[in-house]
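K.L.:
From just these sequences and the hints, can you work out the full model?
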Amino acid sequence: MSATDTRRDTGPADTAAPDTVDELPRRRRSHPVVRVLRSSLAGRIAFPIVCLLVWLLAIRIVTSIWPFAVDVLPTPTQVFSFMWDELTGETLAPRNVYETFGISLRRLGIGMAIAMAIGTVIGLGMGLSKRVNAFFNDWVVAILAMPNLAWALFCSLAFGFGDVGPIVTVVLTGIPFVIINVREGVRNAPTDLYDMARAFGVSRADTIRHVLLPSLMPFMFAAARYAFALGWKGLVVAEVFGGEDGAGWTIKFWYDAHRAYGVIGYALLFVVFALLFEKFLFDRLSGYFFRWRPEVNAADVVEQRFDAPGVATATATADSGNGTHATTTGPKPERGAGGDETRRSHDG
Amino acid sequence: MAEITVRNLHKEFGVGADKIVALDDVNLDISGHVFVSIVGASGCGKSTLLNILSGIETPSHGQVQITEDGRPAAKGYVFQAARLLPWRTVMDNLLFVQKDRSEQTRARCQRYLDMVQLGDKGRKYPGELSGGMQQRVGIARAFSTEPDVLFMDEPFSHLDAITARSLRAELQNMWQETRKTVIFVTHDVGEAVELSNRILVFAKGGHLADDIDMPLPFPRDVADPEVAVAKANVFRTFEQIGALAVS
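Going down the list, the protein sequences come from chains C and U.
Counted from 1, the first sequence has number 164 at position 164 by full-length UniProt numbering; the numbering is strictly sequential.
Counted from 1, the second sequence has number 53 at position 53 by full-length UniProt numbering; the numbering is strictly sequential.
Hint data in this document are derived by calculation from the structure and do not stem from the laboratory.
Check the hints yourself; a few may be wrong.
[Stated by the list, open to error] Computed list of lysine to any residue pairs in SDA-like fashion (alpha-carbon distance at most 20 Å, straight line):
hint, chain 1, residue 1, chain 2, residue 2
1, U, Lys121, C, Arg291
2, U, Lys99, C, Arg204
3, U, Lys121, U, Ala107
4, U, Lys180, C, Gly201
P.N.:
Next up, the structure:
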């Protein structure tokens with residue numbers, strides 16, 4: 001009789017304690033649909049959907065005011081079917097999209113390599129010597145302030161049609177970022193690590209290879225990203241004026257053909273291409289080069305920090321709850337089993 | 001046996017009105033397998049002395065000679081912060097300061113990592129370790145070059161009291177085992193009394209104010225009355241020379 005009484009006594013307490021433990025994780029692990037909606041992926045997907053709606057709405061409004069606009073305002077279907085044709089290789093332009101981007105990419109690659117090489121040398125000089133810094137500083141700022149349209153026009157005048165103009169434009173657009181980043185990298189040199197290397201008698205070559213270069217890597221990487229993003233734009237402008245082929249020239253081809261969907265479609269292909277590049281080349285490279293960084297995703301860290309104490313207190317209260325009851329009703333495991341039994345018998 | 005000889009050592013920073021004398025006519029002889037602590041308030045030149053001894057800085061004038069059986073001694077250094085290369089793994093950090101990368105060297109590095117209880121962390125990056133663990137790696141790195149003289153610059157001052165205590169015990173064991181000459185800079189008198197055979201007290205203006213022998217046997221327990229008395233004595237010396245006036 002007394003045994004069943006204690007069971008009944010402990011019953012509610014037992015079910016209450018696990019509930020507090022379960023509740024928190026359950027609140028964290030909300031309904032799958034809610035979770036998907038709340039995720040950053042949903043936010044990312046929502047953006048193009050909103051853009052598409054605004055686009056359709058804009059066409060409707062504009063054509064209702066001015067019906068002839070139908071000819072110049074391409075619909076999403078026109079643009080996407082154009083893009084699909086381009087991607088499957090069916091095009092009215094002299095070259096298909098892959099050849100075109102191949103040509104542009106080669107120019108961008110050559111231009112970036114030159115910008116990185118020269119920029120690194122100048123940046124190192126500026127970071128190490130005040131005189132070199134004074135010599136270049138104003139000019140770097142001036143080159144940085146120059147619109148790349150000006151470079152593109154100048155280069156097409158100076159070098160005519162062909163590869164040289166676009167490549168020089170890429171170099172001139174990208175080089176200030178490389179210079180400034182490398183200079184900052186040198187200025188942020190980890191002197192305490194150099195002292196460490198010296199105290200242990202590490203050779204100069206090893207110090208450059210294992211201390212200086214890795215400490216410059218984040219800066220070089222940032223420089224390359226900027227040079228890529230801005231050089232890419234400069235390149236297209238240069239190709240519009242001074243190219244016989246390439247992405248910029250092809251956009252102009254569609255412009256000359258009065259095909260608005262062609263211009264927008266090609267520009268979108270261009271964006272897709274740059275994003276893929278960013279995602280698959282730069283993100284991979286940065287993941288590889290900076291694998292030593294403890295936590296790349298800052299959002300995850302914040303989430304963990306805020307969640308951890310909550311879970312800890314939940315288990316702590318559950319423990320203390322069990323503890324107090326254990327003193328009145330005897331050993332814990334037995335009591336736990338008993339509680340489960342009562343619950344099961346209630347269910348049945 | 002390691003011999004450290006310092007004669008008329010003088011070091012100043014800056015020029016003209018900004019001139020600061022960090023070390024003023026320091027003379028010193030250290031020999032054998034001893035644990036020497038350098039104590040003093042901040043700004044009394046103890047870290048400068050260590051940096052000159054280790055070769056990171058050069059003296060304004062005066063001579064420093066550190067030999068092991070007549071040849072130049074090999075040196076190791078443990079810094080206040082661990083100063084690990086964040087882009088290399090723990091094991092690679094140890095290998096970075098070695099003369100060669102042979103299998104033997106690797107085995108030796110592994111042995112010292114085991115000694116600081118980080119034997120399984122060789123493949124981790126420093127960023128994945130706690131501050132205390134990083135400092136342990138720093139200590140293992142210094143020992144792994146098997147130096148004749150080991151310099152330590154307030155290696156435990158950035159750590160919490162409990163971690164510092166356990167690392168002190170570890171350091172004591174490693175020193176007993178390897179019998180290196182250790183030059184240990186600290187501002188913590190208790191730490192100096194617990195660890196060392198000899199305590200050099202530096203006063204403001206960078207001169208060596210006192211040289212105290214600590215013959216008590218190791219390991220020393222801070223609760224032991226003899227250790228407490230020794231600690232009180234060192235503090236009294238501090239008061240006498242006015243080294244505590246600023247702190």
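K.L.:
Failing hints, ascending?
P.N.:
none
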